[in-house]
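Numbers 3 to 91, taken from my numbering, label the letters of the sequence shown in order.
Calculated from the structure, these hints are not laboratory results. A couple of the hints might just be wrong.
[Claimed, not checked] Here are the simulated distance ranges between beta carbons:
(1) L11 / C67: 19 to 27 Å
(2) H57 / A20: 16 to 24 Å
(3) T60 / L29: 22 to 30 Å
(4) V22 / F87: 22 to 30 Å
(5) S38 / S5: 50 to 58 Å
[Unchecked claim] Here are the computed lysine to any residue pairs in the SDA-like style, where the Cα-Cα straight-line distance is at most 25 Å:
(6) K89 / T60
(7) K30 / T60
(8) K89 / S5
(9) K28 / T60
(10) K28 / G76
(11) K44 / K30
(12) K90 / H27
(13) K78 / S5
(14) K30 / F40
(15) K44 / K28
(16) K89 / S56
(17) K78 / H57
(18) K30 / T52
(19) K89 / L16
(20) K78 / S65
(21) K44 / D14
(22) K44 / H27
(23) K89 / T52
The C-beta atom is built at its ideal place from N, Cα and C for all residues, glycine as well.
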Amino acid sequence: FFSSPTMVLEHDLLHPYAEVEQRKHKLKRLVQTPDSFFMDVKCPGCYQITTVFSHAQTVVICSACSSVLCQPTGGKAHLTEGCSFRKKN
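Kindly produce the complete structure, drawing on both the sequences and the hints.
Set out below in structure tokens:
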């Protein structure tokens, strides 16, 4: 019958690249995932590990030596200089 030209898509909609999906808004992704996470933060003074939320809205203080671990901002919390962190699963 009709010979319609086949349409070629620029991107694969069912199997998008991981880096493209990560840049999208958390609700616009193929599978909705949050941008926030929990992390283990190591105090630079006493090396004690504290669990901190990535978007913490209060100042987090080390329970052992009372030093500040992170400061809140409008979005993600900023870690203090010298603090190391590991993302929790």
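A quick look at each hint next to the structure:
1. Here the CB-CB span from L11 to C67 is close to 57 Å, at odds with the stated 19 to 27 Å.
2. At about 22 Å, the CB distance of H57 to A20 agrees with the hint of 16 to 24 Å.
3. At about 26 Å, the beta-carbon gap between T60 and L29 stays in the expected band of 22 to 30 Å.
4. Restraint check, V22 to F87: a C-beta distance of roughly 26 Å satisfies the suggested window 22 to 30 Å.
5. The hinted range of 50 to 58 Å is satisfied by S38 and S5, whose Cβ atoms lie roughly 52 Å apart.
6. Only pairs whose Cα atoms come within 25 Å are accepted, and K89 paired with T60 is accepted, the gap being roughly 19 Å.
7. Of the supplied pair hints, the one linking K30 and T60 is violated, its CA atoms being roughly 29 Å apart against a limit of 25 Å.
8. Pair hint K89 plus S5 does not hold up; C-alpha atoms about 54 Å apart against a cutoff of 25 Å.
9. Annotation: proposed proximity of K28 to T60 holds, straight-line Cα distance about 24 Å (limit 25 Å).
10. Proposed proximity of K28 and G76 is supported: the alpha carbons are some 17 Å apart, at most 25 Å.
11. In summary, the hint linking K44 to K30 is not supported, as the alpha carbons are separated by about 34 Å, beyond the 25 Å threshold.
12. In summary, the hint linking K90 to H27 is supported, as the alpha carbons are separated by about 22 Å, within the 25 Å threshold.
13. Our distance criterion of 25 Å between C-alpha atoms is broken by K78 and S5, whose separation comes to about 54 Å.
14. For the hint pairing K30 with F40, the CA-to-CA distance comes to about 22 Å; that is within 25 Å, so the pair holds.
15. The suggested pairing of K44 with K28 is violated, with an alpha-carbon distance near 28 Å, which exceeds 25 Å.
16. A hinted pair counts as satisfied when its Cα atoms are at most 25 Å apart, and K89 with S56 qualifies at roughly 9 Å.
17. With a C-alpha separation of about 4 Å, the suggested pairing of K78 with H57 holds against the 25 Å cut-off.
18. Of the pairs offered as hints, the one joining K30 and T52 is violated, with about 32 Å between alpha carbons and a cut-off of 25 Å exceeded.
19. A threshold of 25 Å between alpha carbons decides the hint, and for K89 with L16 the separation of about 28 Å lies outside it, so the pair is violated.
20. For the proposed pair K78 and S65, the alpha carbon gap of about 22 Å is at most 25 Å, so the pair holds.
21. Pair hint K44 plus D14 does not hold up; C-alpha atoms about 41 Å apart against a cutoff of 25 Å.
22. Among the hinted pairs, K44 with H27 is inconsistent with the structure: their alpha-carbon atoms are about 30 Å apart, more than 25 Å.
23. At roughly 12 Å between alpha-carbon atoms, K89 and T52 fall within 25 Å of each other, so this suggested pair holds.
Comparing the model with each numbered hint stated earlier shows that hints 1, 7, 8, 11, 13, 15, 18, 19, 21, 22 do not hold.
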